[in-house]
Every structure is written in structure tokens, then in C-alpha cells.
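Asks: Chains as they are written, first to last, in this note's numbering: chain A, 3 to 386; chain B, 3 to 386; chain C, 3 to 386.
Read the hints as simulated data drawn from the structure, not as lab findings. You may find that some hints are simply not true.
Any copy, or any two copies together, can satisfy a pair, since identical chains are not distinguished.
Stated by the list, open to error - Capping the alpha-carbon separation at 20 Å, the derived lysine to any residue pairs in SDA-like fashion look like this:
{"no.": "1", "residue 1": "K386", "residue 2": "H112"}
{"no.": "2", "residue 1": "K386", "residue 2": "Y71"}
{"no.": "3", "residue 1": "K168", "residue 2": "Q32"}
{"no.": "4", "residue 1": "K24", "residue 2": "G116"}
{"no.": "5", "residue 1": "K386", "residue 2": "M249"}
{"no.": "6", "residue 1": "K386", "residue 2": "S78"}
{"no.": "7", "residue 1": "K136", "residue 2": "P95"}
{"no.": "8", "residue 1": "K386", "residue 2": "T117"}
{"no.": "9", "residue 1": "K24", "residue 2": "S150"}
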Amino acid sequence: MTQPVKIFLPEDRYFGPEAAQKWAAQQLYQTVADLPLICPHGHVDPRMFADPDYDLGSPTQLFITPDHYVFRMLYSQGIPLEQLGLSARQGPPAEIDQRKIWQTFADNFHLFRGTPTGMWLNHELRDVFGVTDKLSGATAMAIYDQISHCLAQPAFRPRALFERFKVEVLTTTDMATDTLTHHQAIQESDWGGRILPTFRPDNVFNLDTPDWRSQIETLSQVSGVTIHNYAGFIQAIEARRAFFKEMGATASDHSALTPYTETLSDREAEEIFQRGLQGQAGAEDVTRFTGHMLLETARMSLEDGLVMQLHVGSYRNHNQTIFARFGRDMGADIPTATEYTRNLAPLLNRFGNDPRLTLILFTLDETTYSRELAPLAGHYPILK
Amino acid sequence: MTQPVKIFLPEDRYFGPEAAQKWAAQQLYQTVADLPLICPHGHVDPRMFADPDYDLGSPTQLFITPDHYVFRMLYSQGIPLEQLGLSARQGPPAEIDQRKIWQTFADNFHLFRGTPTGMWLNHELRDVFGVTDKLSGATAMAIYDQISHCLAQPAFRPRALFERFKVEVLTTTDMATDTLTHHQAIQESDWGGRILPTFRPDNVFNLDTPDWRSQIETLSQVSGVTIHNYAGFIQAIEARRAFFKEMGATASDHSALTPYTETLSDREAEEIFQRGLQGQAGAEDVTRFTGHMLLETARMSLEDGLVMQLHVGSYRNHNQTIFARFGRDMGADIPTATEYTRNLAPLLNRFGNDPRLTLILFTLDETTYSRELAPLAGHYPILK
Amino acid sequence: MTQPVKIFLPEDRYFGPEAAQKWAAQQLYQTVADLPLICPHGHVDPRMFADPDYDLGSPTQLFITPDHYVFRMLYSQGIPLEQLGLSARQGPPAEIDQRKIWQTFADNFHLFRGTPTGMWLNHELRDVFGVTDKLSGATAMAIYDQISHCLAQPAFRPRALFERFKVEVLTTTDMATDTLTHHQAIQESDWGGRILPTFRPDNVFNLDTPDWRSQIETLSQVSGVTIHNYAGFIQAIEARRAFFKEMGATASDHSALTPYTETLSDREAEEIFQRGLQGQAGAEDVTRFTGHMLLETARMSLEDGLVMQLHVGSYRNHNQTIFARFGRDMGADIPTATEYTRNLAPLLNRFGNDPRLTLILFTLDETTYSRELAPLAGHYPILK
């Protein structure tokens with residue numbers, strides 16, 4: 003029998019090959035390697051920390067089914083999503099045998115060679131679960147058993163891992179309509195981990211959210227503000243921000259296809275909002291209203307101090323077949339070229355010189371770093 | 003007399019300078035360096051292989067006059083194309099003295115230093131023709147004689163070079179209206195080299211092809227389908243694909259200014275096609291019809307299994323003066339920024355999940371690799 | 003007391019870290035390091051050389067207040083421009099204590115670490131002024147004194163520095179309406195330094211120049227051509243080019259938001275020009291007229307031999323608050339994505355094949371180098 007191949011993860015794996023640069027990078031890394039982690043932008047479910055006994059499930063449920071970076075790549079190589087345990091709205095039932103799904107994953111693990119996902123998975127396997135053999139068809143079941151064994155231990159409950167990883171603070175991403183009950187439970191518990199909410203109002207800012215009107219109703223309920231016009235909407239948003247801030251939030255987070263910003267007059271905002279309520283908002287209304295609400299968010303940030311985060315450039319649900327069958331967040335969000343200089347001018351002209359605001363821009367278009375983002379950040383005090 | 007300088011072509015010339023990366027690159031290269039060549043995309047004239055005694059002509063006719071990478075660069079440095087042997091429709095006659103053209107080329111060969119063209123030319127000179135001195139004004143005639151001497155030998159007939167280069171298969175690019183007589187001759191000969199046609203229907207898909215209507219007539223004749231409407235056109239295309247496939251074709255190849263795709267209704271397609279037949283197709287008709295025919299091509303590929311190749315982003319015949327005087331393919335095709343995410347959505351939504359299709363995208367815009375092409379290929383099973 | 007840190011400027015600081023490349027770069031650099039400087043594009047005020055006793059002022063007036071690369075970066079980190087000695091039209095008076103401003107600069111000098119500005123400032127401090135200690139809050143005043151002491155010496159007058167730096171020729175940038183009196187004074191002096199003007203007509207080509215009509219009046223006066231129509235405008239421009247050429251100019255220089263070019267008929271040009279004179283030119287008029295004048299400039303260049311330089315892609319005065327308070331050129335010009343292939347086609351089609359013209363393109367969009375600019379320059383004889 004062949005000796006199984008070991009996971010190969012040299013310490014310098016994330017540094018470039020040039021010797022002088024690698025040396026400098028390693029020196030810098032050593033100065034921060036052992037610091038506690040501050041995680042200001044995350045998508046972890048707060049429920050994991052609300053329940054002290056939260057169970058992370060099977061290795062398959064931990065590594066494969068919730069991670070679209072994993073399953074979309076396997077899908078692109080011809081493996082049906084159902085075979086990876088994902089259920090379509092219609093059609094053949096998904097595989098439910100956790101070991102069988104893991105075996106499929108392991109049989110194809112070589113496809114992740116040289117990818118960030120592959121490096122990350124190997125890091126988790128070795129450094130979190132103590133796996134030393136490379137994952138493959140042959141080692142699949144032994145590794146499954148080893149991870150299962152770990153996950154059954156108290157040391158692998160989310161709170162224990164939070165402490166083991168030396169996380170100082172972790173923020174989640176929460177809809178504007180979220181009641182933050184899990185955050186409340188964490189805060190009222192005797193556990194000391196800092197899990198903070200982040201205010202993400204996309205579902206009520208973007209008029210083309212499929213169930214926008216019902217989201218507005220929910221917003222009315224949770225905010226206690228009856229929303230029948232734009233003024234009420236703003237009042238409700240301000241109330242929610244105040245509540246999130248009270249619950250520890252330090253930032254808001256916003257997603258849009260482009261960084262388009264525009265100041266609407268109160269009357270224009272009202273007219274568009276009413277068209278939204280009547281289900282008659284057009285594509286231009288959607289763009290203008292989101293652009294206006296980004297400006298309103300900057301205004302509110304000046305007052306309440308929440309950092310503003312903006313993610314743009316992702317064309318959501320590009321694969322309509324997958325969207326129709328499996329829903330959103332299935333790995334079919336594809337980047338687009340993005341323009342910042344013109345689009346952000348209205349926002350930066352109104353608020354860019356006020357150091358009370360901090361605006362963090364994320365991009366999926368690397369060509370904008372040196373062309374637009376660095377020059378903007380090298381001029382406006384608010385940009386990071 | 004000075005000792006002539008030798009051609010300098012170190013073995014590692016195509017690898018980056020960093021030592022660790024170069025070592026890895028060389029290890030990988032050694033594993034494939036001696037394999038036979040499979041050339042799935044080429045522009046070699048099949049006539050070369052149909053005639054066992056095909057003569058490649060003079061060194062000038064081999065290296066200079068057919069290669070727009072060579073003459074366009076010399077042109078950009080102020081050397082008239084006529085001086086390089088290219089004939090304009092009007093104006094002064096082109097130089098016909100083969101040695102004189104070669105001398106001009108050699109006098110200016112230093113201009114190719116550090117260019118891919120220069121490295122390729124040196125490779126051909128040394129490894130194919132055994133030239134060891136660097137090409138220059140002083141060495142021009144001796145090198146011309148040496149190449150001429152080679153070209154007179156049977157070992158330098160195309161079929162012999164095909165075997166010497168260990169080409170396993172070579173595909174050509176052939177218009178939808180091509181009768182493939184040269185391919186037929188090759189197949190009926192006693193020579194065993196595999197030369198396969200590729201179906202390239204640009205001349206009939208792009209309504210703004212200058213002589214589109216006469217191309218359609220030719221298509222009628224070669225397909226045996228009388229084309230007086232869109233349905234007949236589709237039928238003729240399908241007949242040609244069947245014939246190309248019968249002749250060994252494994253792929254189609256398509257060129258367009260942008261990767262715009264759109265599904266037209268049969269009625270829309272018919273209306274645009276009729277406007278084309280009447281010489282009244284506008285710019286929008288051209289774009290929409292090409293975009294629609296790309297979708298139709300994907301549909302046909304599902305049925306006949308031909309791989310689909312798409313080249314986009316080249317602004318053809320940018321220099322209208324050169325185009326008017328010398329015609330097309332004179333090195334004046336200039337790249338443009340290209341958008342794939344939105345443009346390909348219609349095609350990928352209809353066919354992107356069907357593993358029977360393989361779509362190969364070529365780009366001239368390097369910024370799209372990481373931003374659009376890799377994410378698309380990392381999601382859709384058909385993309386390569 | 004701690005030993006002050008020394009300025010660290012290794013000889014190889016501008017070369018990449020890879021050893022083989024660095025060696026080659028250094029070999030190449032040594033072949034040119036001691037050559038005289040030819041500076042074909044600069045923004046130095048010719049007044050500095052017209053007056054043999056021109057005083058460069060305080061260290062603060064030399065290094066900080068005229069350099070938007072310096073003050074805009076400090077501004078982006080929260081330091082008000084007034085604190086750096088810049089006066090707003092309204093509001094609190096600017097700091098005038100030169101030492102206090104220098105101290106602020108020195109206190110924040112660490113912010114320039116790893117930036118081109120920081121490397122340049124250190125080079126000036128050490129190699130021009132002999133400063134060896136790193137600039138910081140602690141060393142600020144001693145370094146201020148050292149620079150002040152230098153600036154008081156005759157060896158630090160502009161003419162002396164010009165000679166010390168071995169500048170062979172330096173060109174300035176001058177408006178089309180400039181009378182070039184300083185250049186005249188230099189030429190009539192007994193000093194032999196070559197300071198040449200460059201013809202920059204943006205203020206009369208761009209119809210949206212705020213005081214365009216008064217610029218046209220000035221152009222009338224300095225050219226001696228009464229301008230009441232487009233033909234007179236062209237005549238005046240040609241007269242100014244002739245005058246600039248007589249004064250030694252070898253080039254014109256042009257700035258535009260995009261490289262859009264278009265040939266207008268004489269009638270169209272006249273109509274747009276008249277709308278400009280009546281203050282009624284719209285945004286489209288502005289774009290088309292500038293695009294047309296670029297073509298006219300190419301035409302004139304064929305006749306008078308001036309090299310044509312084109313700068314595009316900068317969105318001027320992005321920060322309207324800064325513009326309203328401090329005026330233009332305050333570091334708020336932000337790059338935009340730029341398209342050359344289509345935009346330059348009209349100009350290149352008319353003049354691109356005529357080797358009498360030289361066109362130099364500058365870009366702020368690095369993605370265009372390999373995609374558009376290199377292919378264009380590798381085809382058209384005029385492009386550099």
C-alpha cells in the first residue's frame with residue numbers, strides 16, 4: 003500500500019517567491035501573527051454563538067453545502083449540485099448521505115489545487131482538525147471520521163473555537179429588519195465574546211428586492227414607525243440604526259450593482275417611494291433611489307458615527323437557471339467593470355470633506371485600485 | 003573584420019527571472035517539451051498540404067510579405083509597405099526584388115529586439131534553418147542564401163516540416179462557403195497528416211460584410227439550399243456544419259466586435275434577414291443578428307458536438323487609408339475594452355448549464371481575465 | 003538623547019527586487035546616469051530664470067505650499083489646508099508662520115513612507131540640500147535652518163541649480179494667450195540656459211473654460227487678429243503657433259477629459275463657435291469643438307512641425323468644495339477609465355500615416371498600455 007501524501011502548507015505560502023520580498027514580508031508578518039483577531043466584516047450566523055451548545059453538524063454540512071466557493075467550482079466541472087447535497091425547488095431529490103457527498107468532494111479535491119479555496123480548505127483541515135494526510139478518494143472516509151470525532155467535542159463548539167482562534171471581536175451582517183434576538187441572547191449570556199451586528203439595509207433600499215413591499219411592512223413593525231411615505235421610511239431607518247448602534251453596531255454595509263450616487267429632492271424621493279409602494283418603480287427609479295439612500299446613509303453616519311461600507315460591482319444571480327432552481331447565493335455572482343470617479347462625485351462632494359464620516363469601499367475590479375480608488379483615497383479625508 | 007554576433011536564445015527565455023519560479027517552470031516544461039503538437043486553432047492554408055510539392059517560395063515570401071506582425075512594425079517605424087513588397091491598389095509599384103526586401107528587413111531587424119515577434123523570428127532562423135549569426139545588414143545576404151538553400155530541399159516541403167515538428171493534428175480556419183477541396187485532396191492522398199477544417203461563418207453571420215449578399219448566394223450554391231429567408235439560411239448553415247463535420251471539423255470559430263448575445267424571435271430574425279437581403283440592414287440590425295447567430299451556433303453545437311470558439315474585441319481595419327490601399331489583415335486591427343458579464347448572459351442562461359457544449363473564449367483585454375472570465379469559467383460548466 | 007535616524011536612499015531604490023533584473027537595470031542606468039537632462043515636458047515658471055536673482059523663498063514655500071502632491075495627502079489624513087499655509091477665498095485665515103507649517107509637515111512626514119512623493123522629497127533633502135537626518139518632528143527646525151541657509155546662497159538661485167543639475171534644455175507650459183515676456187527676457191539675457199515655451203491652448207479650445215469669452219478677447223489682442231468667427235479663431239491660433247515657434251517652441255500640449263476626436267465641417271465649426279461667443283454652447287458642443295480642434299492641431303503640426311502632446315483622462319476639480327474655496331490644481335484631479343481605439347480613429351485616419359507629425363499620448367489609465375496604446379503605436383508611424 004502506498005504511503006498517503008501529506009498536506010503541504012509551508013509557512014511562507016502566502017508570500018511571493020522573490021527572496022528579498024519574502025524576507026521582508028515574513029518580518030512584517032511576525033509582528034502581527036500572534037495578535038488577537040478583529041473581524042470587522044463577516045457573514046457568520048449569530049445563532050452559532052447564542053446557543054452555547056450549537057452543533058456545527060457533519061463535515062459535509064460544515065465544509066461543502068454552505069460554501070458556494072466549493073460547490074460552484076465542482077459544478078463548473080460537471081458535478082450536479084444535487085449530488086453535493088443541494089436541493090432544487092423541483093427535480094430529483096438531493097443526495098442526503100453525508101458520507102457519499104464527502105466522498106464526491108474528496109474524489110474531486112485535486113481540482114482545488116492552486117486555488118485560494120484549496121489553500122484555505124487545507125489550512126482548516128490541518129490546523130483546525132489536525133488532519134495530516136491529503137484529502138483524496140482514498141483518504142476520504144478516514145478524514146471524515148477524524149473531523150466528525152472533533153466536531154463531537156466541546157472544544158469544537160463555536161464559542162470554544164472563537165476563543166481558540168483568539169477573536170477579539172466579530173461582526174455579523176444583519177438585515178435592517180432583523181430583530182437581533184441572537185445578539186441579545188449573546189449579550190445577556192455569561193459568555194464574554196464580542197459579537198456585534200452590522201446594519202445592512204439592501205432589502206429596503208433596493209426597490210427591486212422581490213418582496214420589497216413586504217420588507218417595508220416588516221420594517222414598519224420592527225421600527226414601530228408606520229411607513230406610508232418617504233419621510234416615514236427615513237424615520238424608520240433612523241430608528242433601526244439607533245437600535246443597531248445600541249446593540250453594539252459600529253458600521254452599516256451596502257451592496258449595489260454600481261456606486262451611482264445622486265441627491266434627490268424630497269419631492270422626487272417621495273414620488274419614487276410611492277411608485278415603489280404601488281409596485282410601479284422602473285429600473286431608473288431603482289438606480290436613483292439606491293443612489294439617493296447611499297447619500298442619506300452618509301448623512302446619518304455623520305450624526306450617529308457608524309462607519310459606512312460599500313460593496314459594488316457584482317452582477318447577482320447571473321445564472322438564471324440556477325437562481326430559479328436553487329435560489330440566491332449559489333456562486334453565480336459575477337464581477338463587472340466599475341466606475342468610481344464619476345459615480346461617487348455627488349456623495350464625496352457633499353460629505354467627503356467631513357472627517358466625522360468614514361467610508362470603506364470594496365471593489366471586484368482590480369483595475370480601479372491605482373486608477374480611481376487610490377487617488378480618491380489620497381484626496382478625501384473620509385475614504386479608506 | 004568583426005566576428006558576427008550569434009543569435010542568443012537561452013533555453014529559459016520564456017520563463018520569468020525569479021529563480022524558484024523559473025526552476026518550477028522548467029520542470030513543468032520538461033514534462034511536455036517532447037510531446038507531439040496538437041494545434042486546435044490555426045490559420046495555415048490547407049493548399050500547402052494538398053500539394054506534396056508545395057514550394058514555400060523565397061525567404062522574403064516566407065518571412066515578410068505574409069506576416070502583418072513583421073511589416074506593420076516596420077511600417078510604424080516609417081518604412082513604406084511597398085518597400086516591403088506589398089502592392090497597393092493604386093500608387094507606386096511594390097518592390098519585387100526579393101533580396102532587396104530582405105536587406106531592408108535585415109537592416110531594421112534590431113527594431114524587433116525584445117518583442118515576441120523578434121524572439122519567434124530568431125527561433126525560426128536558428129532552429130528551423132540552422133542560422134547561427136544574428137540577422138543584420140551585414141549578414142543579410144549570407145542568411146538569405148542559407149534559407150534559400152534549405153527551401154529548395156524536399157525536407158522543407160510543408161508535409162516534411164509537419165512531420166519534423168511532430169504535429170499530431172492541425173486545424174485550419176475556413177469560411178462557411180468553402181468547398182474544402184484542399185482538405186478533400188489531403189484526405190484522398192496517401193499522406194497521413196491530420197489537417198482538419200474549422201467552420202468560420204463570419205462572412206455570412208455579419209450583415210455588414212461588404213459583399214454579404216453575394217456570400218449568401220455562394221452559400222446557397224455550396225449548401226444546395228435556396229436561401230430566400232431566415233429559415234433557409236439556418237438550414238444552409240446546418241447543412242454546412244454537417245459537411246464540415248463529415249470532413250473532420252471539431253469546432254466552429256466566430257469573430258465579433260463585442261460578445262453581445264441576444265435571442266431574437268423567429269419573426270425578428272426574419273425581418274432583419276430580409277433587410278439584409280435588401281441591403282437595408284442598419285448598425286443595430288448587424289449587432290443583433292450576429293448576437294442571435296451566436297446563440298443559434300450554441301444551439302447547433304448541442305446537437306452536432308462542435309466546440310464553439312469566440313474571438314471578440316478587435317476593431318478591424320482601424321487605419322482606413324491602409325485598408326483602402328492594401329485591403330484587410332494589414333496589422334491595423336486594434337483591441338478594445340471588452341465586457342463579458344452582461345453580454346454573454348443571454349447565451350449562458352440558455353446553454354451555459356448544458357455540459358454537451360464547450361465554449362472557448364479568446365480575449366484581447368487582459369483586465370477581463372480575473373474580473374470576468376475566470377469567475378464565469380468558475381461557474382458555468384461549458385466555459386473553457 | 004537618541005541618535006537621529008538617517009535618510010535611507012539606496013542607489014537601487016527604483017529597481018525591482020529580483021536580482022537578475024536589478025543587475026540589468028543598473029547596467030542600463032549607468033550608461034545614462036551622467037548624461038545631461040533633456041526635459042521636454044515641464045511646469046516650471048519661466049519667471050524663475052528671467053530674473054537672475056530669483057529667490058525660491060522659505061523651505062515651506064519651496065516644498066509645501068506649491069506642491070499639491072504634498073498638501074493633498076496631508077489633507078486626506080485630516081490636516082486642514084489652511085494649516086499648511088493655503089488661503090481659502092473665505093473662512094479662517096491661513097497659517098503664515100513658515101516654521102509652524104514646516105513643523106506640521108515634519109510631524110506628519112512618516113505618512114509619506116513608501117510613496118513616490120516621500121522618495122522624491124528625501125532625494126531633494128539629501129542630494130540637493132545635504133540633509134542627512136530623517137525629517138521628523140524632532141529634526142524639523144534644524145533641517146528648516148539648513149535649507150534656509152542653502153537657499154540664501156547664490157548657488158541655490160534657479161539658474162545655478164539648472165546648471166548644477168546639468169539640464170540641457172527645459173520646456174515650460176504656456177497658455178495660447180501668453181506673451182512669453184519671461185522667455186524673451188531669458189533669451190535677451192547673457193545667460194545661456196535653454197528654456198523653451200510650449201503652446202497649450204486649452205483655455206481657448208475648451209468652450210467650457212469659465213472665462214472663455216474673455217480668453218478669446220485676449221487671444222485677439224495678443225495675436226493681432228480680430229476674432230469674430232471661427233475662421234478668425236483659426237487664423238489667431240496659427241499666428242500664436244508661429245510666434246511660439248519663433249520663440250523656440252518645439253511642441254504643443256493639450257488636455258481633455260477624453261481623447262474624442264471629430265472632423266467638423268466649416269459650417270458646423272462656425273455654428274458651434276458662434277454659440278460659444280453667445281455663451282450658449284452646450285456640453286455636446288464643448289466635446290465636439292475640442293475634438294475638432296485636436297484634428298486642426300494635427301493639421302497645423304504637419305505644416306509647422308510642432309510635436310503634438312495629448313493628456314487625457316483626468317476628471318478636474320472633483321472636490322467642488324475645495325475648488326470653490328481654494329481654486330483649481332489642489333490635488334483633486336482624479337483619473338478615469340479612458341478609451342483610445344475608437345476616440346482617436348478620426349485623427350489617426352486623417353493624419354496617422356504622415357511621418358511629418360509626431361503625436362505623444364499620455365495616459366492615467368494603465369490598462370490601456372498593452373490593450374490600446376502599444377497596438378496603436380505599433381501600427382501608426384506618428385504615435386510615440
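Asks: Work down the list of hints and note, for each, if the structure agrees.
Replies: Right, here's what the structure says about each hint:
Taking the shortest alpha-carbon separations for K386 and H112, only the inter-copy value of 18 Å comes in at or below 20 Å, while the best intra-copy value is 38 Å. Only between protomers do K386 and Y71 lie at most 20 Å apart by alpha-carbon distance; the minimum there is 18 Å, versus 27 Å within a single protomer. Taking the shortest Cα distances, K168 and Q32 sit within 20 Å of each other inside one copy (16 Å), while across copies they are farther apart (46 Å). Taking identical chains as interchangeable, the C-alpha atoms of K24 and G116 lie at most 20 Å apart whether they share a chain (19 Å) or sit on different chains (17 Å).
Taking the closest pair of Cα atoms, K386 and M249 never come within 20 Å of each other, the shortest separation being 25 Å inside a single copy and 48 Å across copies. In this homomeric assembly, K386 and S78 come within 20 Å of each other (Cα to Cα) only across copies, at 10 Å, whereas the closest approach inside a single copy is 35 Å. With identical chains, the CA atoms of K136 and P95 are never at most 20 Å apart, being 31 Å at best within one copy and 68 Å at best between copies. When the C-alpha separation of K386 and T117 is checked against a cutoff of 20 Å, the pair qualifies only between copies, where the shortest distance is 16 Å, while the shortest distance within a copy is 28 Å.
In this homomeric assembly, K24 and S150 never come within 20 Å of each other (Cα to Cα): the closest approach is 37 Å inside a single copy and 42 Å across copies.
Comparing the model with each earlier hint shows violations of hints 5, 7, 9; every other hint is respected.
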